[in-house]
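Kindly produce the complete structure, drawing on both the sequences and the hints.
Listed here are the chains, written in short residue letters.
Number of protein chains: 4
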Amino acid sequence: MKKIRAGVIGASGYAGAELVRLLWMHPEVELAGINSKSYLGQKIADLYPSFYQIIDLPFEEEDSVIAKSDVVFASLPHGLSEPLAKKCDALGKVFIDLGADFRLDNEADYQEWYHLQYQEPQLHKKAVYGLPELFREDIKTASIIGNPGCYPTSIALALAPLMKLDIIHEQHLIIDSKSGTTGSGKGLSDSTHFPRLNESFAPYKIGAHRHTPEIEQTLGKLCGKDVSISFTPHLLPINRGIVSTIYADATDEIHVEELYAQYVKFYANEPFVRVLPLGKTADLKYMKYTNYCDVSLHMDERNQRIILVSAIDNMVKGAGGQAIQNMNIRFGYPETMGLSMVPASF
Amino acid sequence: MKKIRAGVIGASGYAGAELVRLLWMHPEVELAGINSKSYLGQKIADLYPSFYQIIDLPFEEEDSVIAKSDVVFASLPHGLSEPLAKKCDALGKVFIDLGADFRLDNEADYQEWYHLQYQEPQLHKKAVYGLPELFREDIKTASIIGNPGCYPTSIALALAPLMKLDIIHEQHLIIDSKSGTTGSGKGLSDSTHFPRLNESFAPYKIGAHRHTPEIEQTLGKLCGKDVSISFTPHLLPINRGIVSTIYADATDEIHVEELYAQYVKFYANEPFVRVLPLGKTADLKYMKYTNYCDVSLHMDERNQRIILVSAIDNMVKGAGGQAIQNMNIRFGYPETMGLSMVPASF
Amino acid sequence: MKKIRAGVIGASGYAGAELVRLLWMHPEVELAGINSKSYLGQKIADLYPSFYQIIDLPFEEEDSVIAKSDVVFASLPHGLSEPLAKKCDALGKVFIDLGADFRLDNEADYQEWYHLQYQEPQLHKKAVYGLPELFREDIKTASIIGNPGCYPTSIALALAPLMKLDIIHEQHLIIDSKSGTTGSGKGLSDSTHFPRLNESFAPYKIGAHRHTPEIEQTLGKLCGKDVSISFTPHLLPINRGIVSTIYADATDEIHVEELYAQYVKFYANEPFVRVLPLGKTADLKYMKYTNYCDVSLHMDERNQRIILVSAIDNMVKGAGGQAIQNMNIRFGYPETMGLSMVPASF
Amino acid sequence: MKKIRAGVIGASGYAGAELVRLLWMHPEVELAGINSKSYLGQKIADLYPSFYQIIDLPFEEEDSVIAKSDVVFASLPHGLSEPLAKKCDALGKVFIDLGADFRLDNEADYQEWYHLQYQEPQLHKKAVYGLPELFREDIKTASIIGNPGCYPTSIALALAPLMKLDIIHEQHLIIDSKSGTTGSGKGLSDSTHFPRLNESFAPYKIGAHRHTPEIEQTLGKLCGKDVSISFTPHLLPINRGIVSTIYADATDEIHVEELYAQYVKFYANEPFVRVLPLGKTADLKYMKYTNYCDVSLHMDERNQRIILVSAIDNMVKGAGGQAIQNMNIRFGYPETMGLSMVPASF
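Residue numbers (the UniProt record's numbering), protein chains in the order written: chain A, 1 to 346; chain B, 1 to 346; chain C, 1 to 346; chain D, 1 to 346.
One should not assume that every hint holds.
Pairs count within a copy or across copies, as identical chains cannot be separated in the list.
When the alpha-carbon atoms are kept at most 20 angstroms apart in a straight line, the in silico SDA-like pairs for lysine to any residue are as follows [stated by the list, open to error]:
| id | residue 1 | residue 2 |
| --- | --- | --- |
| 1 | Lys205 | Trp113 |
| 2 | Lys164 | Asn269 |
| 3 | Lys43 | Leu80 |
| 4 | Lys221 | Arg5 |
| 5 | Lys3 | Ser340 |
| 6 | Lys205 | Asp46 |
| 7 | Lys265 | Asp89 |
| 8 | Lys37 | Gly207 |
| 9 | Lys2 | Gly279 |
| 10 | Lys86 | Leu57 |
In short, the hints are calculated from the structure, not lab data.
Below is the structure:
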């Protein structure tokens, strides 16, 4: 069987570079080419010294990369993936977008939160939301896959079984998320200047983060109702990982053991979701550099409130790893291929 | 005017040592003596090398310290402050407890959360809850002052003006707090072993932290109703500081500007509470090693939910600094005396 | 071809657990069993939650593990590997020791630095020093392999080409090393308590670290003369990685370009040693969780002093990864098998 | 007695802002005005939120600040302090420069390392090098004071007693320094981007750092001979502090106890230099946010090599604190005034 030829557009950013790293280790992928507009002609190892003497590829023009690829991954600012998807679609290439352009079903949401319009509405009809644990069947045949955002991945996986049970007030979800700094990307900013960020901690974009409609969309699909969340992201002075602490009010009395049994059942065959034993708590420490998502369940018995905690590596399950998981599904490879790293605990 | 002679019982732990450090810099305090059972006879600078050639005091017997002091501070595990308070009370010494024994009005709460009973109920009638911004008048004449917990301080100061306005569902408060590791103290544990904690993040004691009844007690006093909270503390891989992110559902439409005006008014004369301008967010970076508490107000307009963020240094406003603020009030000194350090931003 | 059955004695410590993690990912290894005296009967995933649902092994008795293994790795305090090696030797098992018992040729050095005597001198004659880049041929047939210490690995690889050239004062080497905290292991101590270590930095065991004779032994073999070093390790407030900054005085005028050419040639066929281009500097950031060793060359022209900088992951090339590299060599597998992870840059 | 009116030119950078913070806490200083070209008209608390509601000053024009000041501090890129010094000198203001323009006696050194020429040679004759422990008498009457660099401060204080004893090979000093990131300043760069720097460690500017001639100049004055050093700075992933590990070869047999006695004597009356007891090691943890410099002495007995370790807060004793110490000396105040903070150990 021939290897899949994969190309990465926007490979100079963090999500792109992580994807390159992971694709390089995939046994059935040939990294056909990588692209960066800003660093055209430079070697990726000049930007990311860890690749030195391992990944000896220069950044090429976009069209050159597409031409050599069976699957094209893109990691670009929003608004730039649509024209690229069009090009790939016309050439019969599978397109997996790590950006935000193909995540929202409702153009009005995109307009409201991203302040742009769809240029190619017909493409969006072809696109599927690439969260494998929830939409695996759609992904198998899709030509355009919108890879989920990092926060939405951590939140949807934590809530999915609960949303399906119809036992909470779905208009009253509070989601308090905390992310490492790689989520902010390679670009320099005052807020990620080391002496500023180190030994600091604070929320940001309170009630105003662009992942909000994406989260509500997925949760709404799961429960079949409108969902409303308060979503507060925070920036952690660490490199990688997201923890989401989620508060859901039960409509009736709930026994956490029963809920736990439902979770275990729901994720029984999922290789990348680990429902932790009752009494344990998800910690972003334990899946760094891997594609796992840990979920733990807790009850605030005094308030009949379910508290869920989930943890992922924002760069892997929250970006490049999940994109490869989608590729594996789409191309008929075992879903864990190239993603079976054992996480370290220290 | 003669200096206040201050003694610290339990000075070998983090809260005690921080108190020693701050007392040493207070212009009207003479540090009369310090005590530690475990390190009796040793110099405090042997435990805390930063004090070398500055604070040249050995740990002494408890009684010796009390005898030399006008005010006795205690930083001990719960259950141990009560007999000490009795002793001080009999000798006419002011007693300021940094532990949990004198924080709860209702013995039933103490029994439920700390699994101990009051041995000296009459002492608890003399005790006041030492949160100066809310109970200043009581503190002025108290002989026993229960210094608030670190989390409760950050939460009560954030919510106080709101609780008094009677515009939220006080049975539905969600409080997601994050603390640096000094809050866990000097004692070694797997959870604070560097390679374990560094680059990690997770909640702990979900719905089960002992500060819960203390928080509910203060909030209940403020609004005159029963309050119920979900309180989730998290451990941050940093040294100092607490951020509390608080979610309160408004009963009616709220304009954040009006609420902000109320906050500014409420704290107008408070030297240590800074209500940040709308649009700014409290960050524990900006009051480290000082007694400030920053509070910022935010609205999730889509859900008519008020989101408050507060930040303190858990070791100062959350422990030793607040204890000195209480001492200043009790002894008639300017409230900011010895506490007017300017915080650094880096 | 049948997989190698590998057993790990002392698998509950950091080096042992890292070895378990890496062995699990090796395509031609079956992890036959793991041992820990302290945690006998417990699951390793209870100690290291990152292994949950992946490595479902309990700690077993030593003899049980040995019986099932073709190769036995040991990660034990010094003095405990010798009897184990004897047992393995008698049973015809290959023994790879991550401890210090089989690193020193000269028993007098062992006595001086480890305060113990050899119980089984004949075993030491069978043992080889498992630094593959320097002693590969010996490793191929050895039944006992002493895996090098973490510091000595970083130092020997940095200096090897230089030592062979006979152009420095080999009695005047200064080695200033800095290590992450995983090197201190799983055991709790004041010095690795998070609030103590975080935002701190200092040397330790100045001129008295046990790796000193091991370093001098290897360097001496390379140049054929007695070597004397000043070795100062420091503890970095990070998790993984060692940087060694090495100062060597040239006996004659040296051109760094020529020296660089010698280094490139020396390591031309080594898959795990990367000689960085002149102008670049080795940084422990760029080989975390992998088996690479980066080396960079610098000249202090004003003093005709060669400055070498090397960087490794102390847990991989400095422990478990190198042990697997030795296993691969010993069992005739490609040397990089199971070790071809691409390091991340963030 | 009237307070000293102090002005700060270049107050928007880290060194300037730290100076502002410290001057604000000085009981006999009135902060007359602060300047920043880039942030003219803005409030300093907008840049440094920790100052909110405490230091309510806008950045003003340079001349306006000078006019209001008795002493003018400058924290500017090299080359910009000279014209400012000229202006202050003409107006009879004391000028304390935190930059590099007035540190080097020999213009040739300045030309070689800073690539600029002196425009006002006569000013340099008036300037003194403001390292109080070594040049206190000169400072008392100087009108222009060149505040030492951070690395040179940590190194000169560690070596001063030794240099005066004439017992080492002064042509063979190796200095391996490690600094926190505030030393790199407020400006954004790839090397201080959080995800890049966090969990990293490496040297930089090996054998080429501009502090080299300044260090050699001071050491040379102390021993009366030419001194040659290899100086290698490293960047630590922490905020504040410098540790210098210094290797000096003894010319004769040395007893560390005797050397220690010399050090204790040398610094007996210095309030800010703490010679640690033999057996202890200087750690940058223990003087953060204060003006102390800790020095520890060690012997590598096997090589008759003296190893010195010193630690300072680069922003305080390495910049703003030392500048205030110089001001205190120059204006006849007690040297510790405004600088008597007790450092924390956590």
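Against the structure, the hints come out as follows:
1. Taking the shortest Cα distances, Lys205 and Trp113 sit within 20 angstroms of each other inside one copy (12 angstroms), while across copies they are farther apart (36 angstroms).
2. Proximity of Lys164 to Asn269 under the C-alpha cut-off of 20 angstroms is restricted to the intra-copy arrangement: shortest distance 17 angstroms within a copy versus 51 angstroms between copies.
3. Within a single copy, Lys43 and Leu80 get their C-alpha atoms no closer than 23 angstroms, and across copies no closer than 38 angstroms, so neither meets the 20 angstroms cut-off.
4. For the homomeric pair Lys221 and Arg5, neither the shortest alpha-carbon distance inside one copy (33 angstroms) nor that between copies (48 angstroms) is at most 20 angstroms.
5. Taking the shortest Cα distances, Lys3 and Ser340 sit within 20 angstroms of each other both inside one copy (18 angstroms) and across copies (19 angstroms).
6. In this homomeric assembly, Lys205 and Asp46 come within 20 angstroms of each other (Cα to Cα) only across copies, at 19 angstroms, whereas the closest approach inside a single copy is 33 angstroms.
7. With identical chains, the CA atoms of Lys265 and Asp89 are never at most 20 angstroms apart, being 38 angstroms at best within one copy and 48 angstroms at best between copies.
8. In the homo-oligomer, the alpha carbons of Lys37 and Gly207 never lie at most 20 angstroms apart, since the shortest distance is 33 angstroms inside one protomer and 36 angstroms across protomers.
9. When the C-alpha separation of Lys2 and Gly279 is checked against a cutoff of 20 angstroms, the pair qualifies neither within a copy, at 46 angstroms, nor between copies, at 41 angstroms.
10. For the homomeric pair Lys86 and Leu57, neither the shortest alpha-carbon distance inside one copy (26 angstroms) nor that between copies (50 angstroms) is at most 20 angstroms.
Hints 3, 4, 7, 8, 9 and 10 from the earlier list are contradicted by this structure; the remaining hints agree with it.
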